[in-house]
Amino acid sequence: GAVVSQHPSRVICKSGTSVKIECRSLDFQATTMFWYRQFPKKSLMLMATSNEGSKATYEQGVEKDKFLINHASLTLSTLTVTSAHPEDSSFYICSARDRGATDTQYFGPGTRLTVL
Amino acid sequence: GNSVTQMEGPVTLSEEAFLTINCTYTATGYPSLFWYVQYPGEGLQLLLKATKADDKGSNKGFEATYRKETTSFHLEKGSVQVSDSAVYFCALSARISGSRLTFGEGTQLTVNP
Numbered sequence: 790g791a792v793v794s795q796h797p798s799r800v801i802c803k804s805g806t807s808v809k810i811e812c813r814s815l816d817f818q819a820t821t822m823f824w825y826r827q828f829p830k831k832s833l834m835l836m837a838t839s840n841e842g843s844k845a846t847y848e849q850g851v852e853k854d855k856f857l858i859n860h861a862s863l864t865l866s867t868l869t870v871t872s873a874h875p876e877d878s879s880f881y882i883c884s885a886r887d888r889g890a891t892d893t894q895y896f897g898p899g900t901r902l903t904v905l
Numbered sequence: 043g044n045s046v047t048q049m050e051g052p053v054t055l056s057e058e059a060f061l062t063i064n065c066t067y068t069a070t071g072y073p074s075l076f077w078y079v080q081y082p083g084e085g086l087q088l089l090l091k092a093t094k095a096d097d098k099g100s101n102k103g104f105e106a107t108y109r110k111e112t113t114s115f116h117l118e119k120g121s122v123q124v125s126d127s128a129v130y131f132c133a134l135s136a137r138i139s140g141s142r143l144t145f146g147e148g149t150q151l152t153v154n155p
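Chains as they are written, first to last, in the numbering used here: chain Y, 790 to 905; chain R, 43 to 155.
Bound conformation, chain Y alone:
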């Protein structure tokens, strides 16, 4: 149980285009999902907290107009990187918090974004 999927696992795009990443909780309902960014050999940096049916809460320094987050249902959240630039290249990981176990987050496998 407690499986979180991400799609795509890997994406390469041209500078200036937008990329959407999906995060799904497969066997549980997630009222809250989190989006992280991870740089090589570094820990995870929380970008935003996404609550179902409401606006996402962004961490300081994260541009909300560049990283659009939508949490339309209890099993799906999406992150759209708009007008991507090479400096947006990174490993993006989502996590979902089980509605019934509010202290535990389950992580997706990550999405490797490369912007050319």
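Some hints here could point you the wrong way.
Calculated lysine to any residue pairs in the SDA-like style (CA-CA distance at most 20 Å, straight line) [to be verified]:
hint	chain 1	residue 1	chain 2	residue 2
1	Y	LYS809	Y	ALA791
2	Y	LYS830	R	THR144
3	R	LYS110	Y	ASP892
What the hints contain is simulated information worked out from the structure, not anything from laboratory work.
Given chain Y, put chain R in place with the hints provided.
What follows is chain R alone, placed relative to chain Y:
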């Protein structure tokens, strides 16, 4: 604020050696504590957790005990395998901060045959 300090890596061991990765924390209130493992190119997997003082989390031969008096949650395994090679993250979650996870910097473990 909340913080987690992990033993610096990388750690290199021979197969069947004993593993300890130290983790200490600072938090307001009574946090839950976690160890996550990340294999190359993958996301994080929950390895084990403990939600209150003196609890011991265990999984796949790994264990860690929540020590409130020393604010520690050290990860141990009696006999490591090559397949345990990964990055290990200690983390805490405190309700007062909306149950957001605070991570340590991660410790790279390499186990040689």
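So, going through the hints one by one against the coordinates:
1. Y:LYS809 - Y:ALA791: 23 Å, violated
2. Y:LYS830 - R:THR144: 17 Å, holds
3. R:LYS110 - Y:ASP892: 18 Å, holds
The structure does not agree with numbered hint 1 stated previously, though it agrees with all others.
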